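Novice: Keeping the supplied structure of chain A fixed, place chain B upon it in accordance with the hints.
The primary structure of each chain is shown beneath.
2 protein chains.
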Amino acid sequence: MMSGQRLQGCRSLHVNEDSGRFLLLAVLILLYLLCGAAVFSAIERPSELRAHGRWNRTLHNFSDAFNVSLKDLNSFLREYESAVAAGIRADALRPRWDFTGAFYFVGTVVSTIGFGMTTPVTVAGKVFLIFYGLLGCAATILFFNLFLERIITLLAVVMKAFRLRRLRTSGLLPPGICQDFAASSLPGWKPSVYHVMLILGLSAIIISCCASAMYTPVEGWAYLDSLYFCFVTFSTIGFGDLVSSQNEAYSYQGLYRLANFFFILTGVCCIYSLFNVISIVIKQVLNWMLGKMSCLCCQRCKANAFLGRRNAIRPGSRLRQGRFGRPPDAEGSDTEGRRLSGEMISMRDLTSSNKISLAIMQKQLSETANGYPRTICGSSRHNGFSGGVGALGIMNNRLAETSDTR
Amino acid sequence: MMSGQRLQGCRSLHVNEDSGRFLLLAVLILLYLLCGAAVFSAIERPSELRAHGRWNRTLHNFSDAFNVSLKDLNSFLREYESAVAAGIRADALRPRWDFTGAFYFVGTVVSTIGFGMTTPVTVAGKVFLIFYGLLGCAATILFFNLFLERIITLLAVVMKAFRLRRLRTSGLLPPGICQDFAASSLPGWKPSVYHVMLILGLSAIIISCCASAMYTPVEGWAYLDSLYFCFVTFSTIGFGDLVSSQNEAYSYQGLYRLANFFFILTGVCCIYSLFNVISIVIKQVLNWMLGKMSCLCCQRCKANAFLGRRNAIRPGSRLRQGRFGRPPDAEGSDTEGRRLSGEMISMRDLTSSNKISLAIMQKQLSETANGYPRTICGSSRHNGFSGGVGALGIMNNRLAETSDTR
Chain A
1 MMSGQRLQGC RSLHVNEDSG RFLLLAVLIL LYLLCGAAVF SAIERPSELR
51 AHGRWNRTLH NFSDAFNVSL KDLNSFLREY ESAVAAGIRA DALRPRWDFT
101 GAFYFVGTVV STIGFGMTTP VTVAGKVFLI FYGLLGCAAT ILFFNLFLER
151 IITLLAVVMK AFRLRRLRTS GLLPPGICQD FAASSLPGWK PSVYHVMLIL
201 GLSAIIISCC ASAMYTPVEG WAYLDSLYFC FVTFSTIGFG DLVSSQNEAY
251 SYQGLYRLAN FFFILTGVCC IYSLFNVISI VIKQVLNWML GKMSCLCCQR
301 CKANAFLGRR NAIRPGSRLR QGRFGRPPDA EGSDTEGRRL SGEMISMRDL
351 TSSNKISLAI MQKQLSETAN GYPRTICGSS RHNGFSGGVG ALGIMNNRLA
401 ETSDTR
Chain B
1 MMSGQRLQGC RSLHVNEDSG RFLLLAVLIL LYLLCGAAVF SAIERPSELR
51 AHGRWNRTLH NFSDAFNVSL KDLNSFLREY ESAVAAGIRA DALRPRWDFT
101 GAFYFVGTVV STIGFGMTTP VTVAGKVFLI FYGLLGCAAT ILFFNLFLER
151 IITLLAVVMK AFRLRRLRTS GLLPPGICQD FAASSLPGWK PSVYHVMLIL
201 GLSAIIISCC ASAMYTPVEG WAYLDSLYFC FVTFSTIGFG DLVSSQNEAY
251 SYQGLYRLAN FFFILTGVCC IYSLFNVISI VIKQVLNWML GKMSCLCCQR
301 CKANAFLGRR NAIRPGSRLR QGRFGRPPDA EGSDTEGRRL SGEMISMRDL
351 TSSNKISLAI MQKQLSETAN GYPRTICGSS RHNGFSGGVG ALGIMNNRLA
401 ETSDTR
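Respectively, the protein sequence lines represent chains A and B.
Just so you know, UniProt numbering puts 190 at position 190 of the first sequence, and the rest follows in order with no gaps.
Just so you know, UniProt numbering puts 272 at position 272 of the second sequence, and the rest follows in order with no gaps.
Just so you know, the hints here were simulated from the structure itself, not pulled from any lab data.
All values derive from a computational prediction rather than experimental measurement.
Mixed in with the good hints, there may be bad ones.
Okay, derived cross-link-like pairs now, EDC-like style, lysine to aspartate or glutamate, Cα gap no bigger than 20 Å in a straight line [what the hints assert, rightly or not]:
1) A:K160 - A:E149
2) A:K71 - B:D72
3) B:K71 - B:E81
4) B:K71 - A:E81
5) A:K71 - A:E81
6) A:K71 - B:E149
7) A:K292 - B:D72
8) B:K71 - A:E149
9) A:K292 - B:E149
10) A:K71 - B:D91
11) B:K160 - B:E149
Derived Cβ-Cβ restraints for the label pairs, each shown as a range [to be verified]:
12) A:G201 - B:S82: 30 to 38 Å
13) B:L154 - A:D72: 27 to 35 Å
14) B:R78 - A:C209: 26 to 34 Å
15) A:T58 - B:S19: 21 to 29 Å
The C-beta atom is built at its ideal place from N, Cα and C for all residues, glycine as well.
Excised from the complex, chain A in its bound form (with noise of 0.2 Å):
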């Protein structure tokens, strides 16, 4: 019960930090939505201009040759640009929504990619999609998350090694741990959210590289249209100003599709996996900024844990601690603290794998701790808790205990 009142006044600072982030996270992301639009808007707007030029030349070039007013002609255009919406094109295209072209689409679906080179036009179609959507979305971050936590754990196998031999040598771990260590199989082992992103990130470079070496002569682009491609598709942007497989026919065409299919399949996992590990990063400095700007934070949480709160001071007072009882060289601690909870991230987000058991895990602490598994079992058999409320209440104790080390 000590955790549990303790806790209080953290429990402010808490939320305080969490809306922080958000808030702080919303306003860069809109800054950064600003600057990209200048940015793009000033590389592309005079493009855009001549683009617009070159077609009215081109057809007033055309309704004079042919004597075709442009009222026709647009008029032409225009259904024209309906049938573009059914897949059809000057160039014969493969055919869409034969079996393998609706196996692309349901793959560009799933995969939130959406080139939209083939999209339904029937009602029941639409509808059709929007259930099948819903599941398939959900099934594939499923396994995007599952791919990452086994990538993790890949990587775990390789580096432990290094590491191990590398402390084994310098000799800096007790060897009550080097016991451990070798004891603690692969789980036990997590590489950091740096050595991940390093790795994802070379990783999908020579992805890209060997994928647009592909497309470049099979699809005729140029190497860096090949290389735009790529990240639009692997990032699940999915422009569809180029898309892969697309002509009536290729040499090798099986092989082709099977290679098309692996590359965006692999290419996906590993961006995906990349951006989340990147989000992480993101994450930390976001607390390192907060962290920097805190000082007006924390008056204010500590006025919140003055009001009127039982053991208000206990919160307090660790926050005192936390905050002045650093060492002089605020920013070494600083970063050591991002680079610790770096760690400790990188793992917790990166083994999707362990939830169940970690569950489990907290409700056999509540269940020691409080020493009511029963009471529980039986709860939650009648209303849904199934031990999460002493779990819980002992995870969160714990965790506003230690919120404002961070």
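Specialist: Same frame as chain A, but now just chain B:
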């Protein structure tokens, strides 16, 4: 050290379960794709053929009416396609790359919607997009995760009141926990995954209906098309066959663009959260399926457990208890287990804000248990373990210990 040695045998079971879940999901997704391809092909193929026939008639009629050779028409249409890629349509559209258009574009990039109604055509634009999207998409993923965590907190505020009252009235909890309840603040309370899924689904439907009610009159789409657009956009699929706010002029243009931005933002956040919650439920279904087909797996694990590992008996025996110590109504206990894990998973997955604190809690756990915080910190400064060693060691010992009770 006890737990450190105990987990040897169960670790293999653990890894097997993870790999099995991953493979099972991959197989199920593949089947899902095949079925979806068959259904879409059956639904859309006829309309595609009709569209081809219609377009061919239009093409020939036009070529006859204005005696333009099909070759000239096709080259003309090819030029029109390149003009379309630059954002030109028969009907006048808003400028693509003025500031507002570029802002819309970068919004579709960082959210990975990627309509493709606007795409960079210059080399500089394509290169910049790659680096811009890399950071932007990661930041947006973090934003979505923090939004999800905020939503859960909000739901916790609401649902805690209901639950607490119902508990008190039903008197299921011993007074100790009731006090803990009253004492514990919001983060000590998390709604279950099913409630969150229900609420997110309802809010997604409400947002989509409201947005469609706006799009239908303003864009002149059918209401169903508007709903289809909402799903395709909010799920970040973003085909681009329907794109809002593309005409040159609307009545109340500024207001409409603002509402469009607002709806897309809230809708994407909502559907993203919904996908993640559904993916949790899918994971539970996978675990349940694995539990059903795990007898064979158990044999293998026990075999592994006996393969020359120290204390390999222990996990095996605990495994046997876990498997055959169940009440005869295996079905009931199984579903119960699922609900348990469901509740706990939901809390683990849906509180992404406590990762750092949780990590620190792990560190404390390990330090209190091992009693060598100094050593950890010392080593962390040199090799970046940062306390993950003992902490994760203990974490995974406990996880592996309980992994057979899944």
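Novice: Checked against the structure, which of the hints given earlier come out wrong?
Specialist: The structure conflicts with hints 6, 7, 8, 9, 13 and 15, although it agrees with all the remaining ones.
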